[in-house]
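Chains as they are written, first to last, in this note's numbering: chain A, 1 to 314; chain B, 1001 to 1257.
Check each hint, because a few of them may be wrong.
Claimed, not checked - Think about it this way: if two alpha-carbon atoms lie no more than 25 Å apart in a straight line, the pair counts; the simulated DSS-like pairs of lysine-lysine are: (1) Lys231(A) / Lys147(A); (2) Lys1095(B) / Lys147(A); (3) Lys147(A) / Lys188(A); (4) Lys1095(B) / Lys231(A).
Rather than coming from a laboratory, the hints here were simulated on the basis of the structure. On a predicted model such as this, the values are computed, not experimentally measured, just so you know.
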Amino acid sequence: MADDVVIEAHGLVKRYGTNPTATPAVDGIDLAVRRGELFGFLGPNGAGKSSAMRMIACVSPRTGGELRVLGLDPDRDGRRIRARLGVVPQEDTLDLELNVADNLYVYGRFFDLPRRALRERIPALLDSVSLADRAEDRVDSLSGGMKRRLTIARAMVSDPELVLLDEPTTGLDPHARHLLWDRLRHLKDRGVTQVLTTHYMDEAEQLCDRLVVMDGGRIVAEGSPAELIAKHVSREVVELRFADGQAPADVGTQLAGIGDAVEAMSDRFQVFADDGDAAVAEVMTRGLHPRQVLVRRATLEDVFLKLTGRGLVD
Amino acid sequence: MGTPLAFRATAQWWRQTRRRLPTTIVVALLLPLGYLASLGIGIGHYVDRGDGWLAGVPYAAWLAPGLLAATAFQGAATDGLWSVYGAVKWAGQYKAQIATPLRPRDALLGHWAYIVLRMAIVAALELAVMATFGAWRRPTAALALPGAVLTGGAFAAALMAWAVTRETEGSFVVVQRFVITPLFLFAGTFFPLAELPAVLRWFAYATPLWHGVSLCRGLMVPGTSGAVMAANVAYLGVLAAAAMTVAVRSYERRLAP
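Turn these sequences into a full structure, and let the hints guide you.
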């Protein structure tokens, strides 16, 4: 395995329970995450992202396939691997009975960090997530965004080579999300390899150098956000909404041939085209009069929709 | 190798409760010492006027070792059920622990060690107070401390093995009402099992609490043979080992499926 590959999986399978015919949560995925990358698993709930993450985090034995994390086998070297990981779980697992600084202290002791070094390190860690003034406060009194930031500081306490973040911004308000994204970009600038799962396409687009799109336990696409968009959809999307009952019955047929592709949605038609304005002009030329026309940039959501026929968030 | 993995988890529990520890210990002492004062002295006054029922040992001195074992047993019940459930379902301490070099078995052992440590502090204080009630009537009386801790520790491990598998806490109250409390009342803490009908008596002999009571009583006051105490230790030791083995499996299944 190349030195700069931090995670490598071939045909990785996870099946819960003992029934060999049960549908696997992860159904044979291949991936390679390189050092310094911010790598994402994008997919809807139940796609298998968290199961994949748990295997990488060495807290869930794999059912089949190959997996190497930091060059080691999780089945044999789980403890040694976990000693080099920083984990930000989906639900907060902060100790509500301890204050903010003690949460970092206790967690650092799990890694057997020397007590004195740990005490010296904690103020800087809290500062890095803008919680320096909350060191003595109870965790209870923190907002959701602050708790997430504290969890990130906690994951960094052991100076990990690889940070795993499972749905890091689920449940946060937009302001808290942007603050958190900022922290993750900062980590990336410091060269820390990060893997995150998300079902927010904007998060994946904003943060990830490279990502895999998962659906039903399988990887359905892989690449950088820009590559995925270029490969699976065109640059722009025209959304056409017709007033109730005003659209001609054969509007789908009438739109055929405009742009690269036309998709019928429950409430609108979408025309994929490299030049959205030209596509709109063509629609008008054909004598169609949608109530609303919107030209926008294509997103990963469009990629997912194209690949699976469904949206990311139901 | 550094600090043993399990002790790193124990440190979390210790740090979490150390400020409250004096209060919780006083609360834990209130019940057994209340029983000892009210039953030991109050009822004991009448018992001791009787027919030499307890082989010449005053009732208060006879009752004390039973309460010592029963307190450890009840402490094990509370910690082994709710604090385990809370660590899985509410606070997520176990999940945080196993994301680090700690394994599920370290989370288990570390939590168990903390429960046993707290139990030992309570039992030591209890035992000291009992000395003033004249309950130390054999040179081996101080050994009742490890005896009580073995009783509580074995039972705690058994409850932890089960509690970690629970999805809801509804059944805990049932265990409390229909297992813990009846044992507390009928496993020989307050009166000799000879007073029970044969069926109930043999049922009581099979329970961990009776073995704990018998062991602590044998170490503190005269009247129990060495063979019986050896059997008590063997029973509790086997229970502890078996419960721990099962608990390791159930922690692994629950925390790292």
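(Q) Checking each numbered hint in turn, tell me which of them this model violates, lowest number first. (A) 1, 4
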